[in-house]
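A.B. asks: Now for the letters of each chain:
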Amino acid sequence: MKNTIITFLAILPLLGACTKKSNDILIGEFGSLTGNDATFGLSTNKGLRMAFDEINAAGGINGKKIKLITIDDQGKSEEAASAVTRLITQDNVVAIIGEVASGRSIAAAPIAQKHQIPMVTHASTNPEVTKKGDFIFRTCFIDPFQGFVGAKFSIQTLKAKKAAILRDVKSDYSVGLADVFATEFKNMGGEIIADLSFQGGDLDFKAQLTQIRSKNPDVIFIPGYYTEVGLMAKQARELGIKVPLVGGDGWDSARLHEIGKEAINGSYYSNHYTTESTDPTVVEFIKKFKEKFNETPDSMAALSYDTAKILAAAIGRTKELTPKNIRDELAKTTDFPGVTGKITINADRNAVKSAVIVQVQGPERKYISTVSP
Amino acid sequence: MHKSVKTPLIAFAALLLFGGLLNFGVNAYIQLIVLFVIINSILAMSLNLVNGYTGQFSLGHAGFMAIGAYTSAYASTQFSFFSESFGFIGIFVTTITGGLLASAAGFLVGLPSLRLKGDYLAIVTLGFGEIIRVTLLNMEAVGGPRGISGIPSFPNFFFSFSYSCFWALICFFFIWRLIRSSHGRGFLSVREDEIAAEAMGINTTKTKVQAFVLSSFFAGVAGALFAHVTNFISPSSFTFLMSVNAVIMVVLGGMGSLSGSIAAAFFITLMPEALRSLQEITGVDLRMVIYSLLLILIMILRPQGLFGDKELPDIWRKYVRKSA
Numbered sequence: 001m002k003n004t005i006i007t008f009l010a011i012l013p014l015l016g017a018c019t020k021k022s023n024d025i026l027i028g029e030f031g032s033l034t035g036n037d038a039t040f041g042l043s044t045n046k047g048l049r050m051a052f053d054e055i056n057a058a059g060g061i062n063g064k065k066i067k068l069i070t071i072d073d074q075g076k077s078e079e080a081a082s083a084v085t086r087l088i089t090q091d092n093v094v095a096i097i098g099e100v101a102s103g104r105s106i107a108a109a110p111i112a113q114k115h116q117i118p119m120v121t122h123a124s125t126n127p128e129v130t131k132k133g134d135f136i137f138r139t140c141f142i143d144p145f146q147g148f149v150g151a152k153f154s155i156q157t158l159k160a161k162k163a164a165i166l167r168d169v170k171s172d173y174s175v176g177l178a179d180v181f182a183t184e185f186k187n188m189g190g191e192i193i194a195d196l197s198f199q200g201g202d203l204d205f206k207a208q209l210t211q212i213r214s215k216n217p218d219v220i221f222i223p224g225y226y227t228e229v230g231l232m233a234k235q236a237r238e239l240g241i242k243v244p245l246v247g248g249d250g251w252d253s254a255r256l257h258e259i260g261k262e263a264i265n266g267s268y269y270s271n272h273y274t275t276e277s278t279d280p281t282v283v284e285f286i287k288k289f290k291e292k293f294n295e296t297p298d299s300m301a302a303l304s305y306d307t308a309k310i311l312a313a314a315i316g317r318t319k320e321l322t323p324k325n326i327r328d329e330l331a332k333t334t335d336f337p338g339v340t341g342k343i344t345i346n347a348d349r350n351a352v353k354s355a356v357i358v359q360v361q362g363p364e365r366k367y368i369s370t371v372s373p
Numbered sequence: 001m002h003k004s005v006k007t008p009l010i011a012f013a014a015l016l017l018f019g020g021l022l023n024f025g026v027n028a029y030i031q032l033i034v035l036f037v038i039i040n041s042i043l044a045m046s047l048n049l050v051n052g053y054t055g056q057f058s059l060g061h062a063g064f065m066a067i068g069a070y071t072s073a074y075a076s077t078q079f080s081f082f083s084e085s086f087g088f089i090g091i092f093v094t095t096i097t098g099g100l101l102a103s104a105a106g107f108l109v110g111l112p113s114l115r116l117k118g119d120y121l122a123i124v125t126l127g128f129g130e131i132i133r134v135t136l137l138n139m140e141a142v143g144g145p146r147g148i149s150g151i152p153s154f155p156n157f158f159f160s161f162s163y164s165c166f167w168a169l170i171c172f173f174f175i176w177r178l179i180r181s182s183h184g185r186g187f188l189s190v191r192e193d194e195i196a197a198e199a200m201g202i203n204t205t206k207t208k209v210q211a212f213v214l215s216s217f218f219a220g221v222a223g224a225l226f227a228h229v230t231n232f233i234s235p236s237s238f239t240f241l242m243s244v245n246a247v248i249m250v251v252l253g254g255m256g257s258l259s260g261s262i263a264a265a266f267f268i269t270l271m272p273e274a275l276r277s278l279q280e281i282t283g284v285d286l287r288m289v290i291y292s293l294l295l296i297l298i299m300i301l302r303p304q305g306l307f308g309d310k311e312l313p314d315i316w317r318k319y320v321r322k323s324a
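Residue numbers (the working numbering), protein chains in the order written: chain L, 1 to 373; chain F, 1 to 324.
One or more hints might be untrue.
Which chain L residues face chain F? A few, computed with CB under 7 Å, are given here [what the hints assert, rightly or not]: (1) D37; (2) S77; (3) E78; (4) T85; (5) R86; (6) T89; (7) I106; (8) A107; (9) K170; (10) S197; (11) I368; (12) S372; (13) P373.
Which stretches of chain F does chain L cover? Using the computed rule of at least three CB atoms under 8 Å from a CB of chain L, they are [stated by the list, open to error]: (14) 19 to 30; (15) 140 to 147.
Since the hints were derived computationally from the structure, they do not count as laboratory data. Note that beta-carbon positions come from the ideal geometry of N, C-alpha and C, so glycine has one too.
Extracted from the complex, chain F is given alone in its bound form:
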């Protein structure tokens, strides 16, 4: 078997085994958090494609996630074809549709705005993210401010886990292979020096739009997963803060490191939950204070993020070479 198929399959099998253990070993609360970690990983990895690898600053990721979430939630609550037996095909179709609609929105947003750079782009994407949210807020068909409740959940935890892992792996290996292809080198060259890239014959706007569309697709997928895991979504779930959270994960993990994004997703999701126990002991809610302090501390100690632009294998090799 070719290596490009073998590695993802091995990784998937390993994750399935882990999921099987989690299925019996721990309670629903911990399972829920594990699912949030996976969803946040997809979100962080997809944003890393734009913010890390292509060097554009997008602040509207929650908007694309919202489109994916609403598409999947709407389809599975409105059409009996999906909701009656929320079978595998139904789930797959709604997730893909969510992703595709999100990437279509990414295309619409990206085309005019990616001609801008830096701060301007950040503000425009922020604006678009808010436009999406406010549109949903005022659409009575999707419940307006009340959101959509009673979204069917996945049949069981093992299914949700393996299905989320499936998408996380697709996202991971897709971006991993992309960055090492000639297209991907184009992305990196735009990040390093746009004028030089243009001089080498790269259509920089087209490249940026491509990165944006791909990134939006996976954000939409993450949104669809989110909708079925929480069973309830409303526009207030996808505020500006959600986008900021995604950016924090990318920056904390390291711009241009997929392993970093995953590690940061772990950290950002687990930290507030873990600190709840601390609150029980101390009796005061210091959760958000400690959480913010930790973030500040990490950024001071490691301004380049946890992994910098290195991946786990790079660090492993460096460590082995040092000790040998």
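So that you can see chain L by itself, here it is in the shape it has in the complex:
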């Protein structure tokens, strides 16, 4: 008996090598469905599924249905690389969508480029991503822009003169935003009085916050992800720091307020879109998303929804369905009316669009202003 079980366990891995052919248009997605920033992967997956379901319900693209193949990369770079290799060589997808985190997109992009398969990232804001080759696109703005937005907002709206920065040295995203914020803030006449670091996964930030408190900044710029930001906000308020916190789209998660509670209220961050918009496209999107998943779509869901629609439109314009044609059509995207604004793909395969600033008010987000490039 024991031996039978062991033999069975030993051959189990070999049973997994069966694939099937189909007439559908295969599109691959890799994302962090598990791991540290799992909410991102889950949101983007919902956005994509919703977009493709809509397209399929309306008869597909030129009579062909779209099939989305999703692979979990557990939020690890090397898993992202093997996920993309698998999507391309095992599942034979014609295009790839992913990832939220820039680090994982950078790991995956050269592979897509090598195999000449178009890859569209929905939320990787690091400039490096699309520099990996002419098959790599993005439908969100890039880091320098968010750093610029944060700096412009702090100076013009918050009337800040002195800023402190707390950057996550482990994350490309955070380092990129922090660098641009520092340069732009100085250019606009402000002063950076402290530039301190932490690491994603840290739980205690009191040492850095105490140091910041002693320098009396007008604003603290924290380009981090929601978990750490929530904890930081709590600890900052405990230490008596009352100045507003400003951040980027890494804050955008329902968990932000669950972790930060009232401490995070009143803080600002730049984002891709806001649920308060009165634009009919946005209203319609939010209504349908709520019906389908029974939750308010965050910006990751909105971005991935737009990405799916842009990709589908590009596929629809191709005369013959080849990855090369899809790439060429993607590059021609102009003024696409998306949920996250009008999207145009420029010569560097980056999206040109505006950002919004929102304020955290409990689980709600209050729209403050729109900052254009």
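Place chain F on chain L using the hints.
C.D. replies: Chain F in isolation, oriented as in the chain L frame:
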């Protein structure tokens, strides 16, 4: 030809033939997994030298792998001598350098910490592994948290396969012959009873440091191979979990069994990938749940690991004798 040269050569030829078949038979994804299996085998075998044969509990293997990976990646991206024509000599030099630097780090770590035993040693090695990772994280020269991207890959799959197999075989036969030499008996005696070993005139600390340095060398080599296969490394690739994974492979395969380490490397690498297909069918991601359950099950059914401290030939002989 002497037997000690003949057997490895035959094994290498057989593997090359297998590699040739894989080169045309399967797609890049499966090829990638095969390469990961080989790299993990080297990692598991090298750790087995410390954890299995010498009986010390090291939890910092990922750190040494990181040193090998970073050395090779840095050299091949920074110096045009290597990157322009990433030729055979360049590859060989970077791999060896990676291994040597890793073993130097192993020496530095081992010298003070191998005077400790059991749990204390585990914690110290864990700490050193983390120190290496955090150092890399804060070194701007190697990209800090962003890691190194655009590492040149090997010319083709057949090359990567044969080159990885070459190192796997060196690692295998090196440890195999070592354990059967007088030095190796010293390693085993330290595992069995340190006081008795000392009484017999074995310098136990020196023996342990030797095992540690050799083990680190092969971990560094595995790291260098890993860097060129994935083309991208960052400190987050070499976390504590990677060390734990290596320990799992050693324990699952059997402490003190090289064949066991290889079998476990197969199992640990293939299992999560194979379970992906299951996810497609069921629609829910049960991958990690099933994977963990399987590990628990195996350890309950075979606490001594898949092979115990036996090697494949031992089991073969036992089986033949039983049936005869």
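A.B. asks: Now tell me if each hint is right for this structure.
C.D. replies: Status of the hints after comparison with the structure:
1. D37: 13 Å, violated
2. S77: 6 Å, holds
3. E78: 5 Å, holds
4. T85: This interface hint holds because 5 Å falls under the 7 Å limit.
5. R86: Nearest chain F Cβ about 4 Å off; hint holds.
6. T89: 4 Å, holds
7. I106: Cβ of I106 (chain L) sits 6 Å from chain F, so the hint holds.
8. A107: 4 Å, holds
9. K170: 4 Å, holds
10. S197: Violated. Min distance 9 Å.
11. I368: Result: violated, 31 Å to nearest chain F Cβ.
12. S372: It is violated, given that the least Cβ distance between S372 (chain L) and chain F is near 29 Å, above 7 Å.
13. P373: Not OK, violated: P373 (chain L) not within 7 Å of chain F, min 25 Å.
14. 19 to 30: The restraint on the stretch 19 to 30 of chain F holds, since 4 of its residues have a Cβ under 8 Å from chain L and three suffice.
15. 140 to 147: Result for this restraint: holds, n = 4.
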